[in-house]
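Engineer: Top to bottom, those sequences are chains A and B.
If you use our numbering, the first sequence corresponds to residues 1 to 444, in order.
If you use our numbering, the second sequence corresponds to residues 1 to 169, in order.
Derived by calculation from the structure, the hints in this document are not laboratory data.
Quick caveat, the model's predicted, so the values are computed rather than measured.
The beta-carbon is built from N, C-alpha and C at its ideal position, and this holds for glycine as well.
One thing to keep in mind: the hints can contain errors.
[Said to hold, decoys possible] Computed from the model, here is a short list of chain B residues facing chain A with C-beta under 7 Å:
#1 Ser30
#2 Ser33
#3 Ser54
#4 Leu80
#5 Pro96
#6 Leu114
#7 Leu115
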Amino acid sequence: MSAVAEPTYADVNQAVLRTLEPPRNAYYGWMSLIGFVLATCLFTAWTAQIYYGIGMTGKRVPQMWALYITTFVFWIGIGHAGTLISAILYLFRARWRTSIYRAAEIMTVFAVMTAGLFPLVHLGRMWFGYWLIPYPNQRYLWPNFRSPLLWDVFAISTYLTISAVFLYVGMVPDIAAIRDSSTGWRKKIYGVLALGWEGSDHQWRHYRRAYGLFAALNTPLVVSVHSVVSWDFAMALVPGWHSTLFAPFFVNGAIFSGFAMVMVLILPMRKYFNLYPYIQDKQLDAMGKLILATSLVLSYFYACELFTSWYSADHFEKASMFWKHTGTYAWALYLMYFCNSLSPLVLFSRRARTHPTTLFIVSIFVLIGMWFERFNIIVPSLAHDFYPATWGIFKPALTDTAIVVGSFAWFFFLFLGLIKLMPSVSIVEVKETIPHPVSERGHH
Amino acid sequence: MAQAATVLGIFSHVDTTVRAINALRGRGLSDFSVYTPIPVDEIEEAVDHGKPVSRVRLFTLIGGLTGTATGFFLTIWSSLKWNLVTGGKPIVSIPPFVIIAFELTILFGGLCTLLGLLFLGRLPKLRRSSNYDPRFTVDRFGIEVRCPAAMAETARQVLRETGAQEVRA
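So here's chain A without its partners, still in its complex pose (with noise of 0.2 Å):
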């Protein structure tokens, strides 16, 4: 597989053990800092949301969705690339895959855990917020099934539910090989979420059918839900969301700003936990492939944009087009063009695709461009619709600014801690990709 000496089952598992020891002081520094953010931003700016009211933020009609829901669409789509690299590069059996699926698969979780979030901070009166699941009320009301906000409720509680699912299965065989070389009360835990592995041929013989079924069904679930999430868009009349183009162009998007994530949270990961003979050139190269990939449909898509917003002789789209290029918000459209078409082109050299730093500074740049890339569908496609007389600028507020600032720190608070409780790197997969020990005698 490597030039280097290929590691052992045994060292697989130290390797692993290893990034559950306590963890160092600077660790901590960082999850303080982070929980700092967390509880200034995002908690006190909420409850002082709930207590004065949604006027705390800088929502005014025309702007109703401004940051809250570029930032929910914008962490759906960081889960997406998890979702690919632990279901679809699963069943393609992409084996460069093993050492990085299981990060991937903890950051989508933890990624739609964020978005669902928004919805409820968005909703103002969040406590209402259960007006949304379909039950036998005393009014005899069901909620409208033909509005694509109801799709996303069901589509974005499935994609968590079976996410976090298909996670936890593909966690039990690595939580059984911790709970064996754990003592005390640490053993008793991992003993119960183990199921009581053992690795016998019955339960493997289940377990391996069971997780291609579950890899299986989460393909298509993947894309239907960023599909569902651009219909928020395109099922509105609003010029520039209009548009058949956008279940694509959002599926892709989501999978690209994903990546970046991925690439973002791995880096830090790999040099912490010292998985360098885990997490390889070979693991990089791939990722940057695919961001360098993901990006260039992106531009394509963006080309279509422009090119069916001409060709529709539209007067609205046209206008909507020509302002979003010229208008106030110009200037996150360039951005965005910046980094989602022009800085993943580095990628095209190879040096840069196994270069750490290149890596991280296109990842960020790659993450920065997506989430303005959401903020460019939303705000300025709403700041000029139709009507003069509609029209309106959104300036954002304090308040939503912390909400969406104290996201990330949920996030990565989340994200840290249950890489230093749980197996971040698939103890069972990664040794699937090493030869199996054979023999001195070998075959006779």
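We have chain A; now place chain B onto it with these hints.
Structural biologist: Only chain B this time, still in chain A's reference frame:
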């Protein structure tokens, strides 16, 4: 099984494990469990020889179909409960309902797969098997043979001959 004995052989190689499984079968000892740190195709082929494919997929199918049916039932039935026309669309608008049905197909299919895995795999398993060795999750392969007491010596011999590093009980 009255008068039962269990013999455990611990191996550190895949090929010796496969050889032991085949040798045990050859001696008529076919009631055994194999513990492996990872799923290995060669071992699985040797063990599952003649066994039907796991029925987990049946759970997935039934769950998925239940989800589809539930999705269509919920949307159609609840729309008919309150005949409110919105956007000039029919009360029962199938295209948007397909989305709900699709998501519920995946949701129910996935949860039933989980149930199937737990039910068929007999998980959670509350007690470790008496012969379980913690090295089975690291780098050792174990074969636990269950046989009448009279056959225990044969089993031990087979395991030792095929290359077990350790034979117990």
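Engineer: Take the hints in turn and mark each one as holding or not.
Structural biologist: Hint check:
{"no.": "1", "hint": "Ser30", "in the structure": "violated, 12 Å"}
{"no.": "2", "hint": "Ser33", "in the structure": "holds, 5 Å"}
{"no.": "3", "hint": "Ser54", "in the structure": "holds, 4 Å"}
{"no.": "4", "hint": "Leu80", "in the structure": "violated, 10 Å"}
{"no.": "5", "hint": "Pro96", "in the structure": "holds, 5 Å"}
{"no.": "6", "hint": "Leu114", "in the structure": "holds, 5 Å"}
{"no.": "7", "hint": "Leu115", "in the structure": "violated, 10 Å"}
Hints 1, 4 and 7 from the list above are not met by this structure, while the remaining hints are.
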